[in-house]
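The sequence shown begins at 191 in my numbering and counts up one residue at a time.
Note that these hints are calculated values from the structure, not bench results.
One or more of the hints may lead you astray.
Unchecked claim - For each label pair, taking beta carbons as the anchor points, the in silico distance ranges come out as:
{"hint": "1", "residue 1": "A479", "residue 2": "Q894", "range": "38 to 44 Å"}
{"hint": "2", "residue 1": "E298", "residue 2": "K253", "range": "41 to 47 Å"}
{"hint": "3", "residue 1": "G865", "residue 2": "S823", "range": "47 to 53 Å"}
{"hint": "4", "residue 1": "R317", "residue 2": "R295", "range": "25 to 31 Å"}
{"hint": "5", "residue 1": "D486", "residue 2": "T677", "range": "43 to 49 Å"}
{"hint": "6", "residue 1": "E749", "residue 2": "E1145", "range": "52 to 58 Å"}
{"hint": "7", "residue 1": "L477", "residue 2": "G399", "range": "55 to 61 Å"}
{"hint": "8", "residue 1": "A366", "residue 2": "P415", "range": "35 to 41 Å"}
{"hint": "9", "residue 1": "Q194", "residue 2": "Q894", "range": "55 to 61 Å"}
{"hint": "10", "residue 1": "L1089", "residue 2": "A937", "range": "22 to 28 Å"}
The C-beta atom is built at its ideal place from N, Cα and C for all residues, glycine as well.
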Amino acid sequence: MGIQLGGTVVPGGPPQQQATLAALALRSGHVVPLHELMSAVWGEAAPGSAVMILRTYVWRLRKILESGGRDPQVLASVNDGYRLAVPPASVDAFRAEQLAADAARAREAGRYDEGAALLAEAVGLWRGEPLAGVPGPFAEQQRSRLSELRRQLLEERFALDILLGRHTQVIPELTAFIGEQPLRERPYGFLMRALYAAGRQGDALAVFGTAREVLAAELGLDPGPELRTLRQRILAGDAELVTPAPAASPSTRDETADAQGTGPAPLPRPAQLPADIADFSGRAETLSALCEALTDQERTALAVATVSGMGGIGKSALALRVAHRVKEEFPDGQLYADLRGTGADAADPGAVLASFLSALGVARQEVPGSVEDRARLFRTVLDGRRVLLLLDDARDTAQVKPLLPGAVHCAVVVTSRAHLSGVPSGTHVQLTEFSPTEALSLLRHIVGAQRVDQEETAAVALAGACAHLPLAVRIVAARLAARPGWTVAYLLARLADERRRLSELRADDLAVSAVFELGYRQLTAPQAMVFRSLAPVAWPSIGLPAAAAALGLGEPETETLLEALVDAALLESPEAGRYRYHELGRDFALHLPHPETDPSDADFAVERRLLTHLLRMAAEAFQRMVPGDPVHSTISVVSGEPAEHRLATLAQARAWVVTEFDCALHAVQLLVARGDGAEPELLTVAADLLVALSSFGHDVPYGQMALTARALARLSAQHGNHRAAGRAHFICGNAALQATQLTQARAESERAAEACRRAGDRAILQQAYNDLGVIAQFEQRYDDAADHFDQALALARELGNRSGGLTTTLNAALARIRGGRADEALPACDEALSALRAMADHHGIAHALCVRGQALHELDRLPEALADYTQCLDVCEAERIPGRRAQALYRYAETLNALGRVEPALDAAARAVAYFRTVPDRDRDRGYALLIHARIAAGAGHHGQALAHSREALEVFTRAGLPEAAQARLLVDATGVMAVQGRGVRPTPA
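Working from the sequences, and respecting the hints, build out all of it.
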């Protein structure tokens, strides 16, 4: 095993180093993971230092390459393995296989001399035993395979020598070959024919006798029917055994036929489609649509169907199934070409045309030289014929256009990763991942329905771990089918580690990583940089402005690069200006080596730029949601965003937050994942980003944000960043409060207050005190609530937060009302109402009127309370504030009932109940509305309705963990007794 450098063959080094070279060379162009190299060299007996030894071998091999003037990076490190990037023809084994294929085509075309020469060249590549002295199970397997390949090539060459009449020359070589391989029947037949043609009939018959004796002695068998028939022909003196079979061109055959008066020979009918895939699954609607388009009898132009999509998505499988489904509609044949568009050696259209013309009966010497002339002749030959073409893996429009027929009755199916917009396609299909049902169906086809159904839950999860990519599903299915002892759950567990997932998605010559690698190799350096750099941050997707900011590039340049990646099927664009990775494509990108010395520096820079951009935008959105809030002035915004990105309205701000929320949250999670390596100043940026987003709590999954905030709070505390910790704890407390998880809300809000006091963060401290007041009020600790609200109010006044201060004033008033101090609350309500009217803050006015009405009700000034509620309802109606209106309705009903106006009270309470049943996250208000309606109904003698509503209120308060559940339970007990007594039935004793 050696490396040829110039005219010299350099030894490959020690035996195990040669074994490493063999494993890489015989999979050249593909990544060979370290675990596969270890198996190839040592099998199951790999030493503990195997990885270190392999790296040493690779280093030495690179030195050998470098000494011969070759780039040592021809042997490149990729992910967790190595790839030897050399042309296939530079590996003797591959060269021999290519020569054999060329020889087969030459023989099929009747070019026997050329075929024999090609086979002789192929056999000449063997220099003794293949991989002699190279250890390891891989080398042993390849030794057997390559030795058998040589024997087959020799037999094919013997066959051509016999056809060409080289009987005398081939006899010595055949005799020697039979001596080496006495159990192969075919060479005995060749030797019998050669001897008979050379006039040695007796020797030919003696060879048959020898064959019979050897086969009987060694295998207990008689010679096969072919050998026995040949013996009979020799005994009969068959003259055809002596006559050579020279090649004849199509033109010569036609002339001969004409001379004999039989007319021209029939045109060849090529049938080049590869075999259909037996376990094809899914794509039923797409398959039907493509078949209909190709067989439409009323079409007036060439039918062209294009199928595009990322690598591994199943384009070729679908196209092949379509072609086999419709081929009977094209009686003049089928042509097939692998255009190798994703490889480094894309097929030349001229060469493909030459092959097609030959298959259609055009003599080789009649094929024109230029691509244009070949294309014109191709269209001419197909005119009036019904032929189907399958052009697989096209690179671009320029490669496909010369291969299109002009005949309307022909049809073409083209597959390509990119959408070939320049190809005149009547039907285009952009394939996406399998649906879960389709993925499960493919698993059943390959693994077996019984085995999959026994672990259906794990099978569904396994398809999900493959991101429903058809190639990945096929690979895991093949691995399970080959390993009956493995459970589905076991393979699922192996895929759970995302760092190993791509290594696991490999079976024989199928590998998901190879699909992405082909596309990645074709990228320019800037495109490759973008593909690598955005992978960590672009989850689940990323907008163009955010991507440009993260990369530190202008938007036009970024868009050009991203669209190029979409064209290469390495990115998807679900909508204009938005981009995302396929899940497995992202795994591939994350494992790519960075050209920088320290890849973490590059990732840090991308994350830093992205977080800063997201904070700028979120700060603008925050200002639109809560204008004038002092928190905005404390956000660590570095500089303003360019004018074209500004969020001019609240609707634009809300749309931006909803769109970018997941990406923003992921950016914070990436920072948290760095742990001790996180930059302290970025912790502040991340905390400010979450605070800005929290103002849109009803538009985003607030609970999900709280989980990230909790991790950020812990990390910030470890770094001693009290400001970031306080803000993160505030998010956690506020989210728990929204979910009425009061114990957790109180603990987190107290931590937030403590950290904010230490950091001097008064803006968030005010918010924390306000939340502590709301929590205490919910827990019916009304004096504590009033104290917290008073602290928040003092800070609001210090900060000049007039709007926030008025809200806190009303919160404090409500706490005093519920704590039996309504007389203290009323002056505060009057003061707040006057200020809010001066500000024309209609939402605030409605709130103040509702709180003032509750104070007046508690002071038994019922007509005045009713008047305030009526004003509140009018404001809410005019300004369309439905939530506050429903709150006012159940309080209004309470006062109406106290005034003895029962029927209007029932109606108002019922309307409040109806509203809160339709609105999520308003459990407390729904419970109050139900409780008040139940009380009024019970007093009016509607005991059944009262019991139903009090039970529902109990369920709502209990689920929310609110202390009002005790009031609801008392009412349930009371109304239950009244309902039973009203029916004249004594209640069952408890």
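Each hint, compared with the structure:
1. A479 with Q894: 38 to 44 Å: At roughly 39 Å between Cβ atoms, Q894 and A479 fall inside 38 to 44 Å, so the hint holds.
2. E298 with K253: 41 to 47 Å: holds (45 Å)
3. G865 with S823: 47 to 53 Å: The hint (47 to 53 Å, Cβ to Cβ) is violated, given that G865 and S823 are roughly 31 Å apart.
4. R317 with R295: 25 to 31 Å: holds (26 Å)
5. D486 with T677: 43 to 49 Å: holds (48 Å)
6. E749 with E1145: 52 to 58 Å: holds (53 Å)
7. L477 with G399: 55 to 61 Å: holds (58 Å)
8. A366 with P415: 35 to 41 Å: violated (26 Å)
9. Q194 with Q894: 55 to 61 Å: holds (60 Å)
10. L1089 with A937: 22 to 28 Å: violated (43 Å)
In this structure, the earlier hints numbered 3, 8 and 10 are contradicted, and the remaining ones agree with it.
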